[in-house]
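Here is what each chain is made of, one letter per residue.
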Amino acid sequence: MDNPVIATPLNAAKIDTDGLTVAELGHTSKVNLRGDFSSSTVNNALTTLLGMESTLAPNAFVSNGASTLFWLGPNERLIYTDSDPETIASQWRDQVGTGAVDVSDYSTVLRLSGPKVRDVIVSGAPFDVHPDEFKVGQCAQTRFGNASILLSNHAETPVFQMQVRWSFAEYAFEYIKRVANYV
Amino acid sequence: MSQPQRLSAGGSIDRSKLLSFMFDGRQYTGYQGDTLASALLANGVRLMGRSFKYHRPRGAIAAGSEEPNALVQLETGAYTEPNTRATCIELYDGLVAKSQNRWPNLEFDVGAVNSLVARFLPAGFYYKTFMWPASMWMTYEKFIRKAAGLGVSPVDDDPDVYHGTYAHCDVLVIGGGPAGIAAATAAANGGARIILLDEGNDFGGGLLGTSDNAASTSYIDGALQVLEQNDNVRLLSRTTATGYYDYNYITALEKVTDHLGPANGGDAPRQRFWKIRAKQVVIAAGSIERPLIFADNDRPGVMLANAVGTYINRYGVLPGNDVVVFTNNDSAYQVALDAAAAGATVTTVDTRRNVSSELKSKLEQNNIRLFEGHAISSVQGSKGVESVRIMQLSEDGESVQGQAWEIVCTCVATSGGWTPSCHMFSQSGGKLKYDESIAGFIPDPSKAKVSSPNFSAGACNGSFTTHACIEQGIAAGAKAAAAVGKTASASSVNAFAVSEIAQGAIAPLWLVPTVHPVGEGKAKHFHDFQNDVTAADIHLAAREGFVSVEHLKRYTTTGMATDQGKTSNLNALAIMANIQGVSIPEVGTTTFRPPYTPLTFGAVGGQESRELFIQERKTPMHEHHVANGAVFEDVGDWKRPWYFPQAGEDMHAAVQRETLAVRESVGMLDASTLGKIDIQGKDAVKLLEMVYTNNWQKLAIGSCRYGLMLNEHGMIFDDGVTTRLGENHFHMTTTTGGAARVMSWLEEWLQTEWPEWEVYCTSVTEQWAVMAINGPNARDLLQELTDIDVSKESFPFMTMREGSVAGVPARVYRISFTGELSYEINVPARYGRHLIEALTEAGKKYDLVPYGTEAMHVLRAEKGFIIVGQDTDGTVTPHDMDMDWIVSKTKEEYLGNRAQVRVDTKRDKRPQLIGLLTEDPTVVLPEGAHIVAEVLDKPPMPTIGHVTSSYMSPNAGRSIALAVLQDGINRKGETVSLAMMDGSVHQALVTDTVFVDKEGVRVRG
Amino acid sequence: MFIINCPYCGDRDQTEFSCHGEAHIPRPTETAKMTDDEWGEYVFFRTNPKGYHRERWLHDHGCRRWFNALRHTVTDEFVATYKIEDPRPPIPGEGGRS
Amino acid sequence: MKAYSLFSLARNAMSYHRNWQQAWRSPDPKSKYDVVIIGGGGHGLATAYYLATQCGISNVAVIEKGWLGGGNTGRNTTIVRSNYLLDASAGMYEHAMKLWEGLSQELNYNVMFSQRGLLHLAHSVHDMQEIGRRGNAIHLNGIDSEFLTPEQVKEMLPIINLNCRYPVMGGLLQKRGGTARHDAVAWGYARGADAAGVDIIQNCEVTGVRVENNTVVGVETSRGFIGAGKVGSVAAGHSSVIAEMAGFKMPLECYPLQALVSEPIKPIIDCVVMSNGIHVYVSQSDKGELVVGSGSDAYNSYSQRGSFDLIEHTVGPLCELFPLFSRLRMLRQWAGIVDVTVDRSPILSKTPVKNLYFNCGWGTGGFKATPGSGHAFAHSIAAGEMNKIAAPFSIDRFNTGALIDEGAAAAVAH
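Protein chains in written order, with this note's numbering: chain H, 3 to 185; chain U, 44 to 1048; chain B, 122 to 219; chain G, 20 to 433.
Relax, there's no trap hidden among the hints.
Only part of the chain H face toward chain B is listed, based on derived beta-carbon distances under 10 Å:
| hint | residue |
| --- | --- |
| 1 | G75 |
| 2 | A127 |
| 3 | P128 |
| 4 | A142 |
| 5 | Q143 |
| 6 | I151 |
Only pairs whose alpha carbons sit at most 27 Å apart, straight line, appear in this in silico DSS-like list of lysine-lysine:
| hint | chain 1 | residue 1 | chain 2 | residue 2 |
| --- | --- | --- | --- | --- |
| 7 | G | K407 | G | K268 |
| 8 | U | K185 | G | K194 |
| 9 | H | K179 | U | K682 |
The set of hints was computed from the structure by calculation and includes no laboratory data. Each residue gets a CB set at the ideal place from its N, CA and C atoms; glycine is no exception.
Taking the hints into account, I'd like the entire structure generated from these sequences.
What follows is the structure in structure tokens.
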């Protein structure tokens, strides 16, 4: 039973059509962090554990290569990281004394690029993704069809990421595949 | 001769593209750019349909979506579409259409007998009869139903696909006529994000039907070019704004491929449904001409004046060689001139006596005869106008007098004035005001809804000349752009050079008299053509007291047809106003309800149909279950293995085998769908103390405890096992269906009631893949795969251990829903598939059996474990479930506590959970069967309880059941009767709820 | 279809939210001392005004925060949204009343 | 009152329908009535009708702020059924059903009550358990109910997609269920009540309830004060407003409830179809329109406007269960204001104010109860005590906890 298969809900499925490319990222370590992000304790923890600042505007994300920090709520952040999520979570609990949970497998991440991306997204999301309204570096939790998603804008070209719960991944993927023919 | 009414030149049709089509089985030809209606008229076909009630012969009266008459059954088979307006169907090669609501055919329709007995069928006649004998109503009704209903539904599933999408913009412009184009152009110039939509296939609105067609179209094209080049502008033709909802949320239907004909759209959807959120809206929806209401004004060939003009100027079709123009305003004079120019013999009849000299001379120059102060008193010809009689109107317009002139004609172009299309403004929540000068309602901007800012411009605002429309469009576009912080410029809008006839005042004449009083004589004055509602019906309604607008509508059905009264509502109001001697606004106006034009159901659903209707949620082990032949059960949105039939097994056999195997050796169940919530923070225990009925203070780290949740009514609403992972860290499980509800329940209390508490809840349902292994061999099986010491002593019941299972990190909970030795192995979801394969492999020597939810239900019932939602129903307390043991006697407060001691909740003899053993052990009681207080020969019989769970238990070697029974806890040992729906009765012994291993040794083994 | 201003995320479409009824109904303490009528009042009886209504909303497809709103039940228009811990914004036209 | 019949119709046709009399008078309010009914909807008019025709109290006024039948009576989906689980509900709705069965003759007005059958579909094991329990309960209450297999469902509804997202596992049929013409019910009761001496006063809004030493003495209206020995409030969506005038609160909240109809088509479904699993609620009217019930929004509102997403979540399921409807079209959508109690059962009750009685809280299910509700309420007002059928629906139940919780009894999913 050594080196077991590391599965993702879509087994790295891809879409490659005219104007749209979609790929499921491989397994990504994620940690949900809670606390008062204006406090120095939290700031220190972020700096020592992840080398990041805690100043982050609502609906925005920052990345330092190794880790990406997303705003989820006033006292809630989500981190994608290369380090071990369990370790980060437990150290966070020790240093900050608030909540931290490994949620690596809770959801998967789709990476969408190509000129059709925005039309595909708004087919299912009531959220305005026009470049003037949703800029690179911004993220938003919203709805895609019946699925709650975390949407983030990573490049002008554009490149979007859509995080979706494991059990909704197939639905979201099929949704994207279908509307890709319509837009 | 083909297309006898087609003019030799003119119009914006493409005469190089000859199209052939079929109507009622006959072959015809038309041109690219025709509508079905214009093509039929070109072929001299005036008769296009039959009316709803009297089956009167009808032709098109309009050239647009307001058409009430010319409804056809478009195409056949799976692609067929009932009640489709011939005036809105773009012609394509091979089009097939049939007329509706007639039998055997359009020319000869048996249903027309209704018009012979019409006088016995006034408005609301059905309320007054068909009552005797009572038993006959259903028979009468069968015929009524057959007679009603216009077109027929397809009988096959819709082969087409639809696309729904959201859209956002700064300014939405509804209507692409002169006003809308001007508004969009002015607003776009300052960089605002614009959507301009129009229901036509070409932009231009009314301009497309005007005489100087060439000049008008070139003006439009000029404007459109500029808009097309602007990246911030989205132009949507063939798109109708269907609804205007709060906060400037506008829905619109785009007909993407309908104009290509069935199955010619390729990958593109048939229709697209837009859900548009606009910061500002410019409504430039135009106006709709009203017919004059005169005797037999429904004969094929009687048309709205602007429709006649449109057919001539836009489609190059002359609807009739002899045309009578009948009007009470100036707008129809241009139509008279156009018809004459097209070679028709034209007579103009004007109800007014003061026609301007300018107009008179124009008519003279074109040899058009004019009757002033006259009216059409009758129409000859049933399947098409053959002639009309005109007589002089009395001063007051109440009667006709003098000699009747007979004028031979095949087309009557009538105009009773124009009704601004206020639908969108009204739907937005705005109120209308009556404008005498145009005899119509217009938007009252002072009574608009603050949350839906919009501007009306052009004809829908009561301004009917093109120049006025453009001016208002510019102004509205500028205001809208300014309101979103963008500058706009009027200069960007080209000047409109085409000259127009000056419009004088309208002289309303709401009902054209005949020699008979209204409702007498043979002739009928129709205002609602499709529903066959006449002026006489309005008189009757008034007579019987149905005077409020809504009563009038509902009693006579005026305005309720598929055109929703676009051409009839104002006429109906006015006639009622005259009858009552009040003003039109005093009668009121009916509310405009969405959609503006009928909206395809499939389009509203968009892509969220079939596989995308509701997601199927699957666990990481799903594929493995499929490979093992699982039959799945829908639990919420989840697909859960129900049972795993082997060759030749039915459900019963499979479930019996799985159930036995678990107690004999070991079985495994996918328990991943149970809700899981990670709870942390120094006040975590306080939260558990409040949401569960029992105590949590003393739970040791690494230990598990079962808990019940109550709502504030004191009723059970969820349950599950919660484990203490650390001093301030818990792992809660919930029912599968309750996961979201419980998460929301915890957050609600934490955020709204106890915000000062430091507790953090995170859903981790899908973080973990869970396999439960149950049975005497569960320990040995687990030992093969783990480094955890699973010995009885070091890993007791109701504790949790962390370690590695099958080489991956795992949390193993020793808890049991079967009463067997049991472990629930949680691994990160990415290893779920790996775990189940490892278990299957290692399980071989223990004859490990995968089992599904049904066997799980039997196993737990054998132990009397309840399932929330099956044995409970939202009206039961812990005491009702005989679970007082789990309710703390020491806690001051927990949610639902006070409700436990209300008069009704603490009374005795409430229904309580008990076990039932049928006298005949082979009888499995149907779930839902009722226990009766006494057996009578037939219902009604008083009931005292019902069966909640019932199974054949291989381990008990007989059938078992759980039930709720009034005062059940005190009735153990009694025998009760259950009355079946087939009349049979079963006796059963009331027992406790544990049927297997009453001492509970196995679970601790 | 409302636009709702989430105090944390800003303006969002109504379909991201769910409404959870009248706001500012604290759970009584010492419930054991309450009469059935007092308990019934707390659990079941609501003002249900035809006019301004203070109610609780949850941004469930968003930041999953609960917040309060002041909304008119005839026009359905929002006057304000505010955080649970914020003071109640006044009712329009009624001066300081909150 | 001149009787309606085929003959009267023929006779009037001869005189070009010039001689039909008013269906009801439009009297000016008297200064005092024995009973004033607030609300000219179906329930209020039925209450007045039975007061005057069965309880010997004809000095009655029905006060309606708009036009009669203009509230939920004219906005519902016209479904009639009595297949309820709990005894109290069964008592009320079956009482109504029995009255429905002779109503056209009783009123001499064709309310087009059509017992074309009402079919509940089950889409899961849980649904099957629910209809299993309800079917048995209904049967033992002496009300007709039968179970159908998926094959039998298909026989009744050839166009149904049995294999939809949650496949149809069975059905529960009430043959006596069906539909009625909603407007006709209001008009028929109004005509009957008027003929029995009841004053129906439209366009008259109640602006206050006058109470003297805790006893109601009349109502303030837009047409002045109207005295009353007893007052029955049957104001549906505005019950909380009336209660506030009288100085107490009700266990009610108002929500928009939406519905829609399709264009008329030739007959395609005969019975009424209800599916809680897929969320479909559809029947076809005699005019040929598919009448589709939508959901109620979760926010309080008196606007008679709902949110469009509910329409999406109504039409989607409709096309899932009946895929061939996809090409048909929605003709009209609208909303009403429903007053809802926590246990989804109505309130027929005395109130803290003497001689003031409330009939409200019918939520989304009031139309089907119209005759029963009016009948029970009339007899209760006349007696000054809620009668056997009305008694369980007292306001007290929210304090004692003796809820009549049809909703909860349908149970949460496990």
